[in-house]
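K.L.:
In order, the protein sequences belong to chains L and W.
Count the first sequence with UniProt numbering and you get residues 1 to 301, in order.
Count the second sequence with UniProt numbering and you get residues 1 to 281, in order.
Everything labelled a hint here was simulated from the structure, so no lab data went into it.
Where a beta carbon is used, it is the ideal one built from N, C-alpha and C, also for glycine.
Covered by chain L, according to a simulated footprint, are these stretches of chain W (three or more residues, beta-carbon under 8 angstroms):
1. 98-105
2. 145-154
3. 213-223
Using 20 angstroms as the maximum straight-line C-alpha spacing, the simulated SDA-like pairs for lysine to any residue come out as follows:
4. K219/W - Q49/L
5. K219/W - S266/L
6. K219/W - F132/W
The following label-pair restraints were derived from C-beta to C-beta distances:
7. T142/W - G159/L: 38 to 48 angstroms
8. L91/W - G71/L: 43 to 53 angstroms
9. L79/W - A192/L: 35 to 45 angstroms
10. A192/L - T142/W: 51 to 61 angstroms
11. A192/L - T185/W: 35 to 45 angstroms
12. F66/W - L288/L: 48 to 58 angstroms
13. G159/L - L266/W: 39 to 49 angstroms
14. T185/W - A29/L: 18 to 28 angstroms
15. S227/W - A33/L: 31 to 41 angstroms
16. A22/L - E175/W: 22 to 32 angstroms
17. S227/W - R14/L: 44 to 54 angstroms
18. P215/L - A42/W: 52 to 62 angstroms
19. R73/W - P215/L: 45 to 55 angstroms
20. A249/L - L197/W: 49 to 59 angstroms
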Amino acid sequence: MRAVSGRPRPRTARLTPWLYLAPALVVLAALLAYPVYQLGLISLFEYTQAQVSGGEPTVFRGFGNYADVFGDDRFWQVLLSTVVFAALCVLCTLAVGCALAVLLTRVRALPRLALMLAALGAWATPAVTGSTVWLFLFDPDFGPVNRILGLGDHSWTYGRYSAFFLVLLEVVWCSFPFVMITVYAGIRAVPAEVLEAAALDGASPWRIWRSVLAPLLRPILTVVTIQSVIWDFKVFTQIYVMTGGGGIAGQNLVLNVYAYQQAFASSQYGLGSAIGVVMLVLLLAVTLVYLRLLRRQGEEL
Amino acid sequence: MNAVRNLVARPWRLVAEAAALLTAAVVAFPLYWMVLGAFRPAGEIESGAPRPWTLAPSLDSFRRVFGQQEFGRYALNSLLVAGAVVIASGLIAFLAATAVTRFRFRFRTTLLIMFLVAQMVPVEALTIPLFFLMRDAGQLNTLGSLILPHIAFSLPFAIWMLRGFVKAVPEALEEAAYLDGASRTRFLWQILFPLVLPGLVATSVFSFISAWNDFLFAKSFIISDTSQSTLPMALLVFFRPDDPDWGGVMAGSTLMTIPVLVFFVLVQRRLVSGLGGAVKD
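All chains, please: the whole structure from these sequences, using the hints.
P.N.:
Here's what the structure looks like:
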């Protein structure tokens, strides 16, 4: 990219990019950077309903909130279920999305359109309505799933694992379309000659995928993987709506919902913020891995 | 793509097509069940014998949804929020994407990395500081408290995605425009903007969804003035965990899904090519 060299430059040229960037930077500073700073700050204070209403002075606790969070068995249990749940969601989403993307390239226009439209429908469904619809499908009394499977009035949200499983189904359902369509767009951009050559050499479809398509698609696969990690790690609405705020006795809590419950239900804003900071750090670690991957692929920023 | 298709023997293609159709049916089924549930007459859902069709479609559930509360008001609020977020973040992201792709300046790479990092910030964790920020700014219980954060959250991804589209516009075009005496502003809005518009349409899908789906902020920031509430909250009135009015929930869900669905179908082509363009870069 050669950019501006050799072009007649108005005198304001040096300022122009910053002028264009100004609105974005102002918005991001005020509504993203500043809240992140505030989050860190609140996490260091004793901050409960008494402080919020101004009744009592805020007390600096240092890392006291973090000590409380890390000292609580519940936190580690929630962290573990968050990681395992998010990982399973990512794996299933990617597997389903990639498999269906390949399938899309193997069929004629009509089945392709049908699958594409169905996927767009699932993608377009808002998280809240997707959650209520899946609950309805699996409702012990009125849902069709138990009837078809002959499960009687088995309640899916009662057990810890079956509740997580139900949420996982909904999450995969509404997030595989992004993967499928992105990967499909990527495959379509692969030159036909490359695939023909591979086929003439007698490569099997699996071999073509592994040796030709997958390497060419790696940048795309990296993007969809990271996006899935970010989205699934932050699942909130589905858990909140489908398990009634975190499941029976909090058995289905994930970090997000846990932080929210601590802050807004228990008015422990300091503790909730500390959990938020832990989450932020975890996701930033993922970002660094992503950046390294991009670098290694020689991607130009 | 044609090449791949020719590699597949005919019987396998038929199997693949059957699999694709079956998958489509499974994926679409929850949506079908939602619409069906919305049109079922009172008592049919509760009768416990769910047929995959209904004998007497009725609008009762929709009447209940519109009758019991200010549903129309909530829908309008949701549209206002999503519309404002799409337009504002689209324009701001266009300017920023132009800056980082068509200019070379100090801190350019740093900025790009910052936009990437900004995408990872868990929005949900920011609910606490944003709550206090909105309270201090007197924005609690206003649509502004829903619009402003979502503009900020959709910006980094929008900038990142639009980059590819701005890059794709040839430099020569810009030089030609200047030779013809066009100003920078004129080039930006009358030449570049229309060319990047397809990319903006694809990008807008993401900002639209993020704002339309908003559940957490509506729940946390609209606490006393329910006339400023949005659709998810309206839906939850019918969704009492112990005793849900499934007909009402499904009618509300259907109404909430339709605008997004319409939007998706309208931009579908743009979206597919847009994602391809963005990731090819």
